[in-house]
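Colleague: Here is what each chain is made of, one letter per residue.
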Amino acid sequence: MRNLGEALERVTRVAGIRGAMLVSESDGLVVAEALAEGLDGAAVAALAASLTLRLRRTATSAGLAVPHVVQLRAERGTVLSVPAGDDLLLVAVAERDANLGLARLELRQAAAQLGS
Amino acid sequence: MTDPIRELTAQLASDPQSLVFLELGEALRNRGQPAAAYKVARMGVNRYPELAASHDLLARVLADQGDRHAAAEAWRRVLELSPGHIGANKGLAFLAFRAGDPEGALPFLESALGAAPGDEGLAIAVQRVRTALDGAAARAATAAATAIAPLAPSALRGAEGFEPFEDARGVVLLDTQGLRLAGTLDAPDGSDVSDAVAAHLQGVSREASRAARLLDLGAWENVTAESPDGHLLVLPPTQSTVLLLLRDARVPVGRLGLIAEQAARAARRWLERLA
Chain C
1 MRNLGEALER VTRVAGIRGA MLVSESDGLV VAEALAEGLD GAAVAALAAS
51 LTLRLRRTAT SAGLAVPHVV QLRAERGTVL SVPAGDDLLL VAVAERDANL
101 GLARLELRQA AAQLGS
Chain D
1 MTDPIRELTA QLASDPQSLV FLELGEALRN RGQPAAAYKV ARMGVNRYPE
51 LAASHDLLAR VLADQGDRHA AAEAWRRVLE LSPGHIGANK GLAFLAFRAG
101 DPEGALPFLE SALGAAPGDE GLAIAVQRVR TALDGAAARA ATAAATAIAP
151 LAPSALRGAE GFEPFEDARG VVLLDTQGLR LAGTLDAPDG SDVSDAVAAH
201 LQGVSREASR AARLLDLGAW ENVTAESPDG HLLVLPPTQS TVLLLLRDAR
251 VPVGRLGLIA EQAARAARRW LERLA
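Chains as they are written, first to last, in the numbering used here: chain C, 1 to 116; chain D, 1 to 275.
There may be inaccurate statements among the hints.
[As the list claims (entries may be wrong)] Here are the simulated distance ranges between beta carbons:
1) G85/C - D101/D: 35 to 45 Å
2) Q239/D - L105/C: 29 to 39 Å
3) G38/C - Q65/D: 45 to 55 Å
4) L4/C - D229/D: 40 to 50 Å
5) P4/D - G5/C: 29 to 39 Å
6) V31/C - R206/D: 24 to 34 Å
7) E80/D - E37/C: 33 to 43 Å
8) A13/D - V66/C: 25 to 35 Å
9) D229/D - S26/C: 18 to 28 Å
10) D248/D - A43/C: 32 to 42 Å
11) R255/D - A36/C: 22 to 32 Å
12) E37/C - R265/D: 35 to 45 Å
Simulated from the structure, these hints should not be mistaken for laboratory data.
These numbers come from a predicted model, not from an experiment.
Where is the CB? At the ideal position from N, CA and C, for every residue including glycine.
Next comes chain D alone, as it looks inside the complex (with noise of 0.2 Å):
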């Protein structure tokens, strides 16, 4: 076996013409490679005026390096070549949040979870921009945006069960894409690193979720890191979304995950609160 990369940079270099370029930036935005990955989003996109994926993967590029103009652009051609495209109304949606404006979200979510009446996630977020909109009121406003804007950690402590964690360096909860539907992680140098650690996320939760069935374990419960310098422990609280919990390494890890079992719980009842 080889490194991924190499060998799909190797099967684009014998075939050009392969579509093969899709998971070659998937897989470079994935180990945090944005610069590969624009390269090759951006071949794929000259190569491919018209395919609506590749048009996708330079979206995704670019959000991960905060271009939030440029994806959004990128996500419109999407829709243009490929009407209702999921992905491309999430990331709309999830780009008119962090602008700020939940009603310019809504028709993205709506048809969104047109596409996908099961996405958890999407119900929740539709359900409270509806309710926000509806009342115009200030404060509701705000908390729709917070169902799937990014979410200042102080507004998930004040939830019911997360008071334990008040001293926690962060939280954040992702859809099943890697998008953000809540919390702020800070790298221990101050800087947010939220994008980042949610790029690599939605890889973890499919590999744990692949290699725990191979195994014949069961499902998967939960994956922990533990560095010198911190733990970090990841655990899917609902079948649509992926927590991580980032603490101090003096946090001993048999504590960390019962912290992570009143984190799933809480998730859940601040998704339902949503609801």
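Looking at chain C on its own, in the form it has when it is part of the complex (with noise of 0.2 Å):
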């Protein structure tokens, strides 16, 4: 589990997000979370899982290969996921001025971790 934490720590570690989560893509649970306070992780992953659920479909009835980031950006904030590994995605949870760029990066290095 040191391998979760590390990858966990590495997305949170960047300015403005708020949270970072394994997620199990086929029912929304939370496997493993770090989230600050006042983020509820069940709704959190529960609404990322589905949105990206939907978002393949959608990719993919456009003739489109598997999604490797699905971003949702709203008024106050993001939401990313990226596949890492068998029926999992990494969540973050970002504030609206947050460093998007490096987010995505890390969280698809840290995908690339975990998956490994």
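Bring the two chains, given one by one in their own frames, into a single complex with the hints.
Modeller: Here is the structure:
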């Protein structure tokens, strides 16, 4: 489980990231989390998994391959989701002004670390 | 939490008389399983032949499958059972436009608008069709058809603000029920995937809105999905429309966001011009 903790920490070190979590994609349940106070892990997991699944279907129905990043941008923040191995998603919640470029990079590298 | 379709299927199996088939059929549509959705819808119609919603579900499935004649028949049955049914009226209007018959679409649009006066897309479509029919000019009629019927991407590219989209792979504008107002999307293999994407897109909009609200992130602005062979971005230009852009994967996602903002503005201008 050391890899798991390191992977989440890698993401949460990015300025403006309020939390990161590993989520089971098929059922939207939390596998591991590192969240700031006030973030409801169960809700983030369920909503991120559900949205990712829908985006995947939309992308595949458009003839595209399975997405490697899904991002929901809202008024006060962003939710990022990347596949992290078999039936797993690495999800991060970012503040509005977070460095999304760095966050995406760290997410993908952490996901690769978990998937290896 | 389990797979919702599995859950709904189990519910239906344990209580075959329940109306859960409506939810199951819609979930199968959204998941892109038209054959399974058709079976569920057909079973629902057989079990509840007097229920408008069961025929409406069947009509949507048939429209997804491109069987316009059967879809129209099913929606007409909905109107017999439930006069003024918004979904059926919009569906029949959509089918009429697809058949190049704006005049035939008008009564359905007017009826739908009467039942849903706040529906911006409907109001625009009705106004445009009336103008076209009053003028009886071929040019106006063509423009009217584009208010709701599928619109070639070139028509959007010609609109002010869409010039940067000359190399776009596709753009599509939908109403909140997942019906196309404008645009066409082609898959990388060249096939038209507009309706299939539209069916899923309606669910994406709902999910995004729900997720942003429940996570206290405010209103959702856009959703992007980046695949190795293409990026797609979904955003709501107005409260009653959803727009999807599909671009080559070589377009950086940051630039895609800028393009999306231009697209949203252009879509709003386009809607206003039709009004």
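Colleague: Would you mind marking each hint as holding or not holding in the structure?
Modeller: Okay, the hints, checked on the actual structure:
The supplied range of 35 to 45 Å is broken by G85/C and D101/D, whose beta-carbon atoms lie about 52 Å from each other. Range check, Q239/D to L105/C: about 35 Å between beta-carbon atoms, so the 29 to 39 Å window is met. Taking the beta carbon of each, G38/C and Q65/D are about 46 Å apart, inside 45 to 55 Å as hinted. Taking 40 to 50 Å as the suggested C-beta distance range, the pair L4/C and D229/D does not conform, at roughly 31 Å.
Between P4/D and G5/C the beta carbon distance is about 32 Å. The supplied range of 29 to 39 Å therefore holds. Roughly 26 Å separates the CB atoms of V31/C and R206/D, a value that falls within the hinted 24 to 34 Å. For E80/D paired with E37/C, a C-beta distance near 57 Å fails the hint of 33 to 43 Å. Distance hint for A13/D and V66/C: a CB-CB separation of about 31 Å, consistent with the stated range 25 to 35 Å.
Evaluation of the 18 to 28 Å hint for D229/D and S26/C yields a pass: the beta carbon distance comes to about 24 Å. Range check, D248/D to A43/C: Cβ separation about 35 Å, and the 32 to 42 Å hint holds. Restraint check, R255/D to A36/C: a C-beta distance of roughly 31 Å satisfies the suggested window 22 to 32 Å. Distance hint check: the CB atoms of E37/C and R265/D are about 38 Å apart, consistent with the given range 35 to 45 Å.
Consistency note: the structure conflicts with the earlier hints numbered 1, 4 and 7.
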